[in-house]
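Protein chains: 2
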Amino acid sequence: MTPFRELVTPACIIDEQKLSANARRMATVAENAGVALRPHVKTLKSLEAAQIYAPLSSPVTVSTLAEAKAFAQAGYTDILYAVGLTPNKIGVVNELLAEQVRLTVLIDSVAAAQALARQARMLSATLYVAIEVDTDGHRAGVDAESKALIDIAVITNRSDNLTVAGVMAHAGASYGAFDIESRQHLAQQECDKSLLAAARLEDAGHSVTMISVGSTPTALSGITHEGITELRAGVYATFDCVMAGLGVCQYSEIALSVLTSVIGRQDDKGWVLVDAGWMALSRDTGTASHSVDCGYGLVCDEHGELLDGWIVQQTNQEHGVIVHRDGLTPDDTQFGYGKMLRILPIHACATAGQFSEYHVTTDNIHSEKVWQRINGW
Amino acid sequence: MTPFRELVTPACIIDEQKLSANARRMATVAENAGVALRPHVKTLKSLEAAQIYAPLSSPVTVSTLAEAKAFAQAGYTDILYAVGLTPNKIGVVNELLAEQVRLTVLIDSVAAAQALARQARMLSATLYVAIEVDTDGHRAGVDAESKALIDIAVITNRSDNLTVAGVMAHAGASYGAFDIESRQHLAQQECDKSLLAAARLEDAGHSVTMISVGSTPTALSGITHEGITELRAGVYATFDCVMAGLGVCQYSEIALSVLTSVIGRQDDKGWVLVDAGWMALSRDTGTASHSVDCGYGLVCDEHGELLDGWIVQQTNQEHGVIVHRDGLTPDDTQFGYGKMLRILPIHACATAGQFSEYHVTTDNIHSEKVWQRINGW
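From first to last, the protein sequence lines are chains A and B. Counting in full-length UniProt numbering, the first sequence runs without a single skipped number right up to 377 at its last residue. Counting in full-length UniProt numbering, the second sequence runs without a single skipped number right up to 377 at its last residue.
The hints are simulated quantities; they were obtained by calculation from the structure and are not laboratory data. Hints are not guaranteed to be accurate.
Any copy will do: because identical chains look the same in the list, a pair fits if it lies in one copy or spans two.
As the list claims (entries may be wrong) - The calculated EDC-like cross-link candidates involving lysine to aspartate or glutamate, where the alpha carbons are at most 16 Å apart (straight line), are: (1) Lys147 x Asp267; (2) Lys269 x Asp143; (3) Lys69 x Asp331; (4) Lys147 x Glu230; (5) Lys369 x Glu16; (6) Lys269 x Asp331; (7) Lys269 x Asp151; (8) Lys339 x Glu6; (9) Lys369 x Glu48; (10) Lys339 x Glu302; (11) Lys339 x Asp363; (12) Lys69 x Glu99.
Next up, chain A with everything else stripped away, as it sits in the complex (with noise of 0.2 Å):
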């Protein structure tokens, strides 16, 4: 139990009530839904934090072969790679292999597929291969109704150690899906498409048994999801000013912030100055093209209050730029030197991307423990 007041500042704040409250709403969902979820653990990369969301007998959902290095080590034994796969991996997929793992890739291509089966005599067991499906533009994956997408399962099937999984898609449009019936009208798109993918594969002779989606915001819009085996949503765990400020979440919901302390002011300006800049915070500006535009981050006392109208304007490396939106002036009560502050992100995955480990609280004014962070490729 470590005060606030004793940590060294910029440190990073998980509030464990607020995890954990998330972590249900999701659980709920796909218990709802009758589907599996698949915890996306990119925002945290923590295996202490997984447990509230992604406990052990969980598949989940990674970004990078790190994280799924240390996942595997920790007992978890299906986990998808969600990035396209390149050559350059398959050395770490083998080692993942050793380790027991039901490990799945990712890919969206005939080239990546030929590559793939040239490497995967090397391969020490069963690999399952997931064909990337877009369904929105957003980013990767072939069309649904493309040929591409028989010819990457005819490549894969016939390779000695590849087995296609299935299909998996990402409705990444959904973050720029600002009221309900968009995100709804994306996620059913998500779905409709990776079914209407997942059915060629089977006409075609292939065996599908993952038909994957998801993205926080059409993870939690409220459809049924029906045909779908399997949820993949990640930020939902922390939330973020970007997902309150598409109305996925409450800004009292987030459960991740950076403690800060203030440096000093200057008045003239109405500017306060802490120790939170870009390295703490990232540069993200996620919700510069929304109605409200929350800088850097919101700003919040030692407790995590929102302190109305209060935002991280500006940052340079180490120090961050508090202002009012309405030019109110900081007073010493409030934002004198030294007064602790915390943050809340425009952008859960970045700003947790900044800090190796995390304090985690339950009363708001003590670290009760400390969560690593797994970082790196």
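We have chain A already, so just place chain B on it with the hints.
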């Protein structure tokens, strides 16, 4: 010696010859001006890298106490922590004093001086204090003509274990100065106001041994820096697209890049997807306001040769989207599945901060050694 092809991407690459040339350029500026150079080690935060631009006999500037501890333990004896001190860091400061370091900390308010004076009794040796002077309205610091400047010195110098070293200024506004005349103006103003503040302190009876100025754009502006005692600068060691956009360096002088692999393409959009997203490149878009917007980075081939017109236009956590400015269609020769590319950083401090180690090359084909980075606070 590991060929780039065998590295797991993304990986951070340093071109040692370019790093050395950049280091020589700044060292020559300081020598010609007859002032000490106190390199800011915040960009690479690496003891091995520092051997090239800040050898053991050199005074150094740090942005975190974690850097200060690592450099002190490695034998550096003159360290300036160039971020306003907060009360919760005094314990670490005292640990550094026990390492026989001449440590200088920064404050810019009477409140900070009073707080530090209250804590100073616990210190085991003399702590030097620089007073930050604001020369361009950019960030922190007191006005050179302010009463606060003198008050801070009085409070500090009458406290046991505290001694005013002098003044420090950082002309951060120079990051928005696109022509040499503007940079020279800001550089001269940085010197003039620092000299004025120093003179006022001396007139008030306070000995001044440190008149410290610098930013990469002002340090390289070509002014004489007459009267100041030391120059500080950091990003000059690697440079980046922001510095090249200002005209402070050439793109070909940038010593740091991110090695990445092609995951796939979306040919209808002209997109090349790579495995370097913002987790590798950072979210910094510091050239967005420049006449040439480099997005999230400029694209080079595997050997570091610029591919004219190709930029990283979008990033997700582990995905980057490369496009050509004029809409050229990517082809397999350069952008086929699995091909390796190198991305020049927008802001080297931010990009380097995403890694825990650097692969160092001289032939641009092999990683010849690995340098460690000191992250955290």
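Cross-check of the supplied hints:
1. Lys147 x Asp267: between (63 Å within a copy, 15 Å between copies)
2. Lys269 x Asp143: The answer is between: 13 Å across copies meets 16 Å, while 52 Å in one copy does not.
3. Lys69 x Asp331: neither (49 Å within a copy, 34 Å between copies)
4. Lys147 x Glu230: neither (25 Å within a copy, 65 Å between copies)
5. Lys369 x Glu16: Classified as within: same-chain Cα gap 10 Å, cross-chain 41 Å, threshold 16 Å.
6. Lys269 x Asp331: Within one copy, since 13 Å is at most 16 Å while 51 Å is not.
7. Lys269 x Asp151: neither (62 Å within a copy, 22 Å between copies)
8. Lys339 x Glu6: The answer is within: 12 Å in one copy meets 16 Å, while 49 Å across copies does not.
9. Lys369 x Glu48: within (10 Å within a copy, 33 Å between copies)
10. Lys339 x Glu302: Answer is within; shortest intra-copy Cα gap is 8 Å, inter-copy 48 Å.
11. Lys339 x Asp363: So Lys339 and Asp363 fail the 16 Å test inside a copy (19 Å) and across (50 Å) alike.
12. Lys69 x Glu99: For Lys69 and Glu99, the Cα distance is within 16 Å only inside one copy (9 Å; across copies 38 Å).
In terms of the numbered hints stated before, the structure departs from hints 3, 4, 7 and 11, listed from lowest to highest.
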